[in-house]
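Asks: Listed below are the residues making up each chain.
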Amino acid sequence: MTETSIPQTAQHPVRDRMLWPAIGVVCLATIALALGPDWASLPARIVLFLAGVALAAQLLKGRSRQFFNGPMAYAATGSLVLLVILALFANEISPQNPYDLRQLDIMDGRLPPGATNFDGSFTYHLGTDEQGRDILSGILYGLRVSLSVAIVATLIAMAIGVVVGIYAAWAGGRIESILMRLVDLQLSFPSILVALMLMAAFGRGLDKVVIALIIVQWAYYARTVRGTALSETRKEYIDAARGLGLPVRKIIFRHLLPNCIPPLLVISTVQIANTIVLESSLSFLGVGVPVTQPSLGLLIANGYDYMLSGQYWMSMYPGVALLAIVASINLVGDRLRDTLNPRLRK
Amino acid sequence: MNLRYLRLTALAVATALPALPAVAQDLRIGLASEPSSADPHFHNLGPNNQLRRNIFQSLVGTDEQQKLLPELAVSWKPLDDTRWEFKLREGVTFSDGSAFDAYDVVYSVCRIPGVPDSPSLFTTYTKAVTGFEVPDPMTLIVETAAPYPLLPTEFSTWGIISAKANGVDGASIEFSADGCGDLAYPETQAFNDGSAAIGTGPFLLESFRRGEGIELVRNPNYWGDPAPWERVSMKPLTSDGPRVAALFAGDVDFIENPPLQDLERINSEGGLKVVQGISNRVIYLHMDHAQEPSPMITGTDGKNPLKDARVREALSIAINRDAIVDRIMGGVAVAAGELLPAGMFGAHEEGQMPPAPYDPDRAKALLAEAGYPNGFGITIGTPNDRYINDAQVAQAVAQMWARIGVETGIDAVTASTFFSRRNAFEFSVYLAGWGAGTGEMSSPIKALVATRDGDRGYGGTNRGQYSNPEVDDLLTKALATVDDDARQELLRESSRVAMADWAILPLHFEVTPWAMTDKVSYVPRVDQYTLPALITPAN
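Quick mapping for you: the protein sequence lines, in order, are chains B and D. If you read the first sequence in our numbering, its first letter stands for residue 1, the second for the next number, and so on. If you read the second sequence in our numbering, its first letter stands for residue 1001, the second for the next number, and so on.
Don't take every hint at face value.
So, partial list: chain B residues that the calculated Cβ filter (under 7 Å) puts toward chain D [what the hints assert, rightly or not]:
no.: 1; residue: T77
no.: 2; residue: N97
no.: 3; residue: L101
no.: 4; residue: I106
no.: 5; residue: G109
no.: 6; residue: L111
no.: 7; residue: E130
no.: 8; residue: Q131
no.: 9; residue: V291
no.: 10; residue: Y304
no.: 11; residue: D305
no.: 12; residue: Y306
no.: 13; residue: M307
no.: 14; residue: L308
no.: 15; residue: R337
Label-pair ranges, simulated between beta-carbon atoms [stated by the list, open to error]:
no.: 16; chain 1: D; residue 1: A1368; chain 2: B; residue 2: E92; range: 42 to 48 Å
no.: 17; chain 1: D; residue 1: G1377; chain 2: B; residue 2: E92; range: 25 to 31 Å
no.: 18; chain 1: D; residue 1: T1517; chain 2: B; residue 2: V320; range: 31 to 37 Å
Just so you know, these hints were derived from the structure itself, not from any lab. These numbers come from a predicted model, not from an experiment. The C-beta atom is built at its ideal place from N, Cα and C for all residues, glycine as well.
Turn these sequences into a full structure, and let the hints steer you where they fit.
Replies: Below you can see the structure in the form of structure tokens.
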């Protein structure tokens, strides 16, 4: 059997093209982590944004017509991009830094939307909460906390899941059964419950929320990757690669991994939305982010006590923002699934 | 066919309902904070003491102004400088049928110091006792080492359990201040599951389930006027919104601590009303005076800035207490300058101890003088479901401290977690409240400011480990002075000394509101307790 007799590229469903987006995702995550909780560096955020755009372009290369198949796709993508820009550039856009306690004034607490402070120099377009925190600024910063926590947690969980899943699929036998039973065990607990217990043990803090979210999520990816990897390893192109005597490392990284990524991207988009909801729930229940650095869930919880007193704005606007981000991520995720999944492709 | 049957049933139920008087005898209460146990001696904490008063009673009771009343003792008097005589009430029985006598009091005092895992013991209120004499079962003579004017007051703060019900022959107890020998005591768990919940109070404990609720039923053999309610269910609704919503929806008849922002709306709603009154509870910040480095302070190279009185003063005058009262407490609180409201025993007269003046510029200057011109970082520990708007108050303080350059974070956790972490000295500054159990100044001074000393029962809640021999001496002297005027002056002086050293930063006194349907009424209590036996059906 000669090398030319195997039409390798023809058998390869995705080819190496998916490897670059994967590397891009990892780079993005690294930048996001390096930015830290303050997100102070504007150049780093611009790089992050451009890299994100480039990644999206790479993903949709040659598929954009398929992706934008109707007005809903445009609307969802538009609103997602808008919300991401708002979150990413909250430092520049928002009128107040809600995390800087010096900028808050409790004398301005619980003002209705459109009210101004005592000398009229500052207008609270969406009102204030009981600490005098501008709700608009709180939403922008909260959006960023919610998004970044969810994305970072999802990416790390995905990385762990990929390693475990591929290892299990490749190794097989006892290792596979042990790892997969572990996954089953993890998935049999409701994630909010596990996250609550972990947070109760860890205490509050952004990093701790991320760790808790990773722990409750990695199993989804491990199971998916293992399934995909199992079916892929039986395909001819892997046999061919083996037959060529390629080293295992090369088979896994150059051939198997890229083909496992599309289904992962699809679950991860939906999972990001779930993670945002999970983080918000934790914060709403008072075990998530610190009270001085509210995320959307905590903003909603802060205003919740005032709902009955008619001071609706403290909970309602953050709630609307949460709804908007989760809905647009889900819709974009749906489109991505239809576009990237080879089986659904007509 | 089915539909007709349903209609008939509905009709039958509707006509039968008014004929059920039992419905009117049930009272449902929404609690703002939950007791940590049903054990009367486990945890000296407001919600626990409140629950205790329904089931277990004291020799001495208190009215809504915290004046002393006869309860299980009908009278008391000092025999000489170091002995008090209590005449006990005849014909009182515990809920298991055993008769109440003086040995039950001795047995209870024996148990108090040894409750395992107690987060906060009642020994503060029993340490003074050095001996008992029981000339006859209905007379109890209490001995103290020194003159002890507060004894009757302190005997109103802890509940009495039955010796016989726990298999102890009262007459055989040999009391000594160091312990009573090898006596059998019920475990805390036995109170929680109800098996040891044998008291003399107006109610019996039917069930106690953490997080779910407490069920009380009327004690049919109660010695006093029977409670107006056949059954009382107390449900912990620790979030403000759901608690007030439950009242609006008619799920409960009575709630504690309705959120301040809702008082107006409750009053304007037909069928609901609010009653409110000032409390003896001070909300304060306690600072770590001992640990170095202190666990939650950053940017000081391991030094503890709170050891410097200038820093403590700066932190105090950086707080705009009037703004907190006005904006966070909705005006329903009183800014505090010491640990007990003006006019109560041992507190100063109105205006003599005003709240620390708000002066951020001077605060900055003081910080610079103390060597922290750029401030430092600190985290305030606070419960978020224990006191009225507790976490919000802490956030407001954080805001004000941030303005003078002290980078302040908030660690807000649920009350049970907060108290266990506080007791492990995990906080550098914490927000908490103290209700003066005895209604006079020695209570907060002894518990919060006096040097921690287990033998004397001093500093039990002084988790900042403040220590000042001058305060201790004044307190010790006051506690041995029977003359009321002289004692009052000593207590005032101890308060002045502690406040001048910024030992602790009082923020405000809570004004306690209760909300209820207009079918019931309640007289506001200084001690903030919600006592179902005193909630009366309004006719």
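Asks: Quick check: which numbered hints come out false for this structure?
Replies: 1, 2, 6, 15, 16
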